[in-house]
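Participant: Spelled out from the first residue to the last, the chains are:
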Amino acid sequence: LKFFSFYLNKIRLLLLLCIPVFSFASIEEAALEQANAYYRQGEAAKQRLLRQKAFNRALVQLKEIERQALPSQNQEKLDLALGNTYFQLEEYAWAILYYYRALNWNPNSQIARQGLEKAQLQLGLNPQTELPFLEQILSFDFWLPLPQRFALLFWSLILTFLALSLWIWIKRPLTKILALLFTIVSSFWLLTILLSSLLTPVEAVLIDSTGLYQEPDRQANQLSTNPLLPGFKVRVLATEKEGFWLKIKTPDGIIGYIPSQEIRLI
Amino acid sequence: MVRGIALLFLLFYAFSIAAQDITVEASINPSQTQNNPLSGTITITHPRSSLVDPGSFKMEAKSLNAAFVKQVQFSKQSSADDLIISIYHFELPAQSKGLYVLPSISVKIGDAVYHSYPTTYEVKEAGKTASSIQTAVRTKNDPKTGTPTLYLEAFVKGPTPVFPGQRMQLVYRIWYNRDIDLSVSSLPFLYVKELKKIGDEQIRDFQEGDFTVQEIIQEVEASQPGTFRLGPSVIEGYMYEMDEKGQKIYQTDPLRSEAPVQEIVVSPFPIENQPASFNGAIGKLNIQLTKPSSTTVLIREIIKLPIAISGASNLEDLHLPDLACQPGFSGFFAISDLPPPGQIEGQIKYFNVELAPLSSLTTAIPSLEISSFDPATQQYVIWRSTPIPLTVKAFPKQEKDKKMSQSEQEIDIAALWKNSEDQVDRIDLEAVYLSASDFDRSFIQTAAILWLIPFGALLLLLQLRLQNMWTAYQQKRKNRPMAPQLLKHALKEKDPQKALKALQQAFLTQIQEGRAPNPTLQQFLESIDAGLYGQNKDFLLEDMKKKAHVLFQEP
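Top line first, the protein sequences correspond to chains A and B.
Quick note: the first sequence uses my numbering, first residue 1363, plus one each step.
Quick note: the second sequence uses my numbering, first residue 20, plus one each step.
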């Protein structure tokens, strides 16, 4: 009895820890319909003013939905919708930010890629290389998006635990081979996920142009005569001065500081 | 010369007074405000021989306290017949704002009682200069004729329709032909909240035939679109007449007048064809932009553009549109974040716009757009300045930076304006419409599945423990003594041969399981052998069983 009560307590604790993971907030259908309606109005508008008003309203609605959505929910389409709305409002830097976010959800999203290219074209930016080749290979994002890998890991873990259970009770060579095989498969998927997490850098998009400073201070020397342009994607290395400044690395490899208010994390 | 005239005037005044009888004049001092005690002065002109009884002052048959202030004599040489002026001061309780009549005040001078004439006085609202009409109206025509009448007229004087920023006048006219003390005055025009009041109400009185008309005008400005209902407005009061003693004699039935509700509709500015630069200016604007004296400037050198605007009906609220939002300014010029405040002189508002070119590629001050709404035609009127060519010189060290793309140098301001014209093309972008199911995300596609690892490991540990327990149980079961079971089986057996074999096996197993053999046991085993394999089969099985049972229990 002591033995069972010990394990029962552990299981109960695990279930309690799982509760936040399983809780999902529901997004109101009416709010989504309203956002869609405003977007349609904007698309149909023939006058600039009316179009801007409609898209602005759509944007307000979508931002509210974004505020309500939980990290555990799929926000790929929401990010796409926000990217499109910003694009329609000619806020291309913001559009780029949301297209990048959509690509984080699904690296193979064609809508996000097309929107991103168009927005970059509008700002006169060259399409930026996502990651160095080796990191691309190791991050596995282009092979298989992270959600799919999570699903595969889930099923392989289930099979692994079944095979190990079988081997515990029936110690035969076949059960041993099965357990070993599924353990290797599960470990592989877990490794890809861990590698993705470790190798995917923290990236951000500039929403306003800014100079690149040598020190986290506006009076410091600038590292480049040309300012960093809106829509530009950079790597964030560290935060400075209570988060008011960010240490970043440009795709050219220049490391410097920029005010955090000019940038948004992807 | 002046002294001479003044002397003559005093002499003439003294003689004229001397010719008069005893007079009593009472008045409330001017500039009295509500909720403060009222101070008044009684001026008595009398011969020195006729003494004033200070305790005899009465007003409306009630005693009045009056304090002596001073005496003024007309000549230095005093005689009994000389006229002197005695001045007394008195106070009345505080009253609310309005026009009042000071009744006749009586005083005993010598042997006779003299009365002052009733006079009017006004109690003003603290901090206000306009006379109040809300408690009393007093007719100017005298004598009063015709049926006593009190009539309230309320109307709105101004443009129709009204747009935000436009002003109008809310007007009350009170027609009356008698003196009336108002007991009810509900005049919502004066306390309107939905519209922005411009200054205090203006009050004037004028005569219209037999009627005295008091006109009250409150200027207001429409600040937001909407329909506002003001009223009904009501006044009610009692007509009165003064008797010979200066006392009011009121009519028993009140006079009442009610003006209907006035509805003010403030229309919103039409959205259709509204220019991007429109920021609420109303009227047909006349705009004068003065070109800068020099069109060759250095980078960051400030260029001043004086702009004079007239013709706006809301000149005070008129602001320049945000230049940073106009094509060709942002990125080319540094513009102050604060809009130029503007200064009104007469009917013209002057602005001083300051621009500083940021690049030597700036070739012109772009066309500046200012728009207004003309309520007469209900159309927007757009004014655009002509672009002013500009030569911006770079500082010497920046000369080499001039090599920029050709496209930037050829920015067509007209084309930029075209962009902000009404008609726009649809942007070719694949639309994404959201539904609630888009947010669905399978649990197994999230990092939450990592919880499966500790959970599964725990289950495996549990199984391992269970498996160990099972093995131990099996082992224990395997090591349990078999001899008692065999003996039990043997004791139940009926067949003698089988029973003996079973007993033999039970005792041998007992020995195998650790029992030390002793002579008694050996003897018993021999007897079993004899029973099994010997010639003599004559033995009692039941005795053998009893003996075996006893023997088995022995240590």
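Note that these hints are calculated values from the structure, not bench results.
The structure presented is a predicted model; accordingly, all values stated were derived computationally and were not measured.
Beta carbons are placed, not taken as given, at the ideal position from N, Cα and C, and that holds for glycine.
Possibly wrong hints are sitting among the right ones.
[As the list claims (entries may be wrong)] Short derived list, chain B residues pointing at chain A, Cβ under 7 Å:
#	residue
1	Gln53
2	Leu453
3	Arg460
4	Ile468
5	Gly475
6	Gln482
[Stated by the list, open to error] Pairs of lysine-lysine residues, derived as DSSO-like cross-links and limited to a Cα-Cα distance of at most 27 Å, are as follows:
#	chain 1	residue 1	chain 2	residue 2
7	B	Lys127	B	Lys77
8	A	Lys1533	B	Lys495
9	B	Lys267	B	Lys323
10	B	Lys511	B	Lys497
11	B	Lys143	B	Lys127
12	A	Lys1533	B	Lys497
Participant: So, for every hint listed, does it hold in this structure?
Facilitator: Cross-check of the supplied hints:
Checking Gln53(B) against chain A: minimum C-beta separation of about 52 Å lies over 7 Å; hint violated. Residue-level restraint check for Leu453(B) holds (minimum Cβ-Cβ distance to chain A is 5 Å; threshold 7 Å). Because the smallest distance between the Cβ of Arg460(B) and any Cβ of chain A comes to about 4 Å, under 7 Å, the interface hint for this residue holds. Hint on Ile468(B) holds. Least Cβ distance to chain A is approximately 4 Å, under the 7 Å limit.
Interface restraint check: Gly475(B) against chain A, minimum CB-CB distance 4 Å, threshold 7 Å, status holds. Because the smallest distance between the Cβ of Gln482(B) and any Cβ of chain A comes to about 5 Å, under 7 Å, the interface hint for this residue holds. Taking the CA atoms of Lys127(B) and Lys77(B), the gap is about 9 Å. The hint holds against a cut of 27 Å. With a C-alpha separation of about 21 Å, the suggested pair Lys1533(A) and Lys495(B) falls inside the 27 Å cut-off, and the hint holds.
Only pairs whose Cα atoms come within 27 Å are accepted, and Lys267(B) paired with Lys323(B) is rejected, the gap being roughly 70 Å. Straight-line distance between C-alpha atoms of Lys511(B) and Lys497(B) comes to about 24 Å, which keeps the hinted pair within the 27 Å bound. This hinted pair does not check out: Lys143(B) and Lys127(B) have alpha carbons roughly 33 Å apart, beyond 27 Å. Taking the CA atoms of Lys1533(A) and Lys497(B), the gap is about 20 Å. The hint holds against a cut of 27 Å.
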